[in-house]
Amino acid sequence: MTAPSAPPSVPAAPARVTYDYVTRTIARTLGDPSRGYYLLLGAAVGLLSIGIVCLLFMLRYGLGLAGYSHPVYWAVFITCFVFWVGIAHSGTLISAILFLFRSGWRTAVYRTAEAMTVFAVMTAGLFPLIHIGRQWYFYWLIPYPNDSGLWPNFKSPLIWDEFAIGTYFTVSTCFLILGLIPDVAAVRDLATGWRRKLYDITALGWRGSNEEWRHFTRGYLYLAALATPLVLSVHSVVSWDFAMAIVPGWHATIFAPYFVAGAIYSGVAMVITLLVPIRRLFSLEVLITEHHFENLAKLCLLTGMIVGYAYTAEYFIAWFGGNPYERAAFWYRAFGPYWWASWTMIICNAFLPQLLWFKKIRTNITALFVLSIFVNIGMWFERFVIIVVSLAGEPYSPWTNGGYNPTWADWGVMAGSFGWFFMWFLLFVKNFPAVSIAEVKEVLAPPQAGRH
Amino acid sequence: MALPNPLKELFDRPPTPGVLGVFAHLDSAVAAIRTLKAGGHRDLTVYSPIPRHELEEALDQPVSPVRMFTLVGGIAGCTAGAWLTLWISYDWPLVVGGKPVGSVPPYVVIMFEMTILFGALSTLLGIAFNALMAARRRGTIAYDPRFSNDRFGIFVPCGADRAPGVESLLTGSGAEEVRRA
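In order, the protein sequences belong to chains A and B.
Residue numbering for the first sequence follows our numbering, beginning at 1 and increasing consecutively.
Residue numbering for the second sequence follows our numbering, beginning at 1 and increasing consecutively.
For reference, chain B alone in the conformation it holds in the complex:
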């Protein structure tokens, strides 16, 4: 008797039904996005070999939340730097050159470096959290290896009933290849 495998559902999810259009030209892809959005299609996945502002504008997405990760990480790093240096100074008081035990000016260097370190690591975490999660969530969505080279792709999630309409829409916008997933 086969035992149920809860991980299978997590890692081997069925592909999302929809239509994938392959575009050789950027302006055709942008036109297709605009037409699709006008036609009420949401949750499009647009593949491109490089980030292009034309695509961003057509998709009209909100600003990435990564900036909050950077800000929080930076502030946390600065605080950690101040805490580390001051707490350590008073935990093992060492008078150097008759200066106060906790002398802030030299500690600014440590606070600065920790701001950058924590800010950068947390930015990386922000990208990983947002982009990799997005990639993982979209792992069930059709992909074509040409998208990392020189083709643009648009995936429209839809049921079999709406697929023919989407197909003709993508072809009409200039897709060089359209296939169902």
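Just chain A, same shape as in the assembly:
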């Protein structure tokens, strides 16, 4: 194989980026992994094993090992579920919505984002199953004909959620695989040995003939057009898991747009968190430039502003609406025993992104990386505050209010989810093109002889 098995030296960037340069630079990322890669992969697998051990203990001794205590029965696992579904969203925003808007800069980053989507939904999907406790009955969620004549209640938002997440996972996986086909074919044509065999199968016989492109481009467009309303619907439906209930702090009409904006915000931050090391590890500085990071930062700023606005609106309406229960819930949120969680969320999500108004910060990769991690922490706490703190301080029955403290089982499973996500992601970027070969070429000027 010319590219992947060649020494990992970086080809000198030509004066003008050519098609050939793009193919070889991206194909080179699939070569034999470095030690740094194995270290990262080892760390991910290590985290995953911690999660698996905790999960096995919970299987044996029950959900009591997690910190559930009355009235908080939706806690870290549901927080993680919403967190990971949210992470997924910006991937579809970048790959589908920006595709429909024909924004050229997405081509260099969308594959990473799309892969992140698929693995984040895979991670998110585990949490409802962990949360139900008796995992071996998970199929009860599915409407299937059974002897008892029982069916799920389609008026329940939890069933909507199941359909939304299931559809989202299926469609984003299709979208990722479809986009990969021409790129895998490009790598196949350079590869030798076992990689050649792998890509020969996964390219599905793609040759880039006019007949293939004709159907591919049309189908890709329609998939993007279907994925766009889907991504908006998924986090809306996730928000309705809460908004349909009458718990103050959950029962708000603002929830759907608020959750969608928050999801895209956290997802863009995660894209930055993932792209920075990948760009360094694979020396992709020519293809993924400061310009891309600046655009991601602008997206982060925009959605961060929407999230900040939603926080303001929530507190304002709690006060201005004059509903004593609502007011009590938000007072508990800001000044109750969980004040630290609420203020972490507000500082990380509403105040820190204001730094992105400065171009110096938007174009400083290190600053962006650090900021993106803070955003992720803040967005995890946002879900924690909404879910746990609203339940703990539920003002209709203040005598039941109680504290909730996550245990080692909660933290272990959460750590495991990060390991699971990063493991799949790292395996993906080493075995399949992490930057789209065909789409990066599409934004370049085609080679012209200029004679005709």
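Treat the hints as calculated values from the structure; they're not laboratory data.
Here the structure is a predicted model, which is why all the values come from computation and not from measurement.
The hints are all genuine.
Quick list of the computed label-pair ranges, beta carbon to beta carbon:
id : chain 1 : residue 1 : chain 2 : residue 2 : range
1  : B       : Val96     : A       : Gly64     : 25 to 35 angstroms
2  : A       : Gln354    : B       : Trp92     : 47 to 57 angstroms
3  : B       : Arg67     : A       : Gly64     : 49 to 59 angstroms
4  : A       : Ala245    : B       : Trp87     : 20 to 30 angstroms
Ideal Cβ placement from N, Cα and C applies to all residues, glycine included.
Since chain A is already given, all that's left is putting chain B on it; use the hints.
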């Protein structure tokens, strides 16, 4: 005695005779397509590393039928969603909050998700059916690994008698390499 193998003919078909031209430049390939079409050549196979509208315009192909797959899939999904939720509601009637057993507003969510799911899967099926079938049918047509990198290719199916003419035509349009298959 060797037994006849009907699968051999299906999977090991002989290569299609013709001429393959390799182009380094997009405009040369477009010019060659126009000249070939003017010369009465049909059924060209044009390879390119990326989809280019210049090639599409020169080839002047009909719009892909994939859109019908998307439409039919979407409608089928919406119908399936409505049927699933309503039929299940009446099969096991459950009155929630004094609302009708079959309440359509919450079912719209399911209908919407099923529209997207079926629409997307059927789009994928449409692409697979059309593009993979095309690829399979064209599996006997000469290919060059450079076409997925930075070269454009035109394959003209023709017999040995017409091949020299096609060869000179492709070279004249700026092909950097021409070979017979």
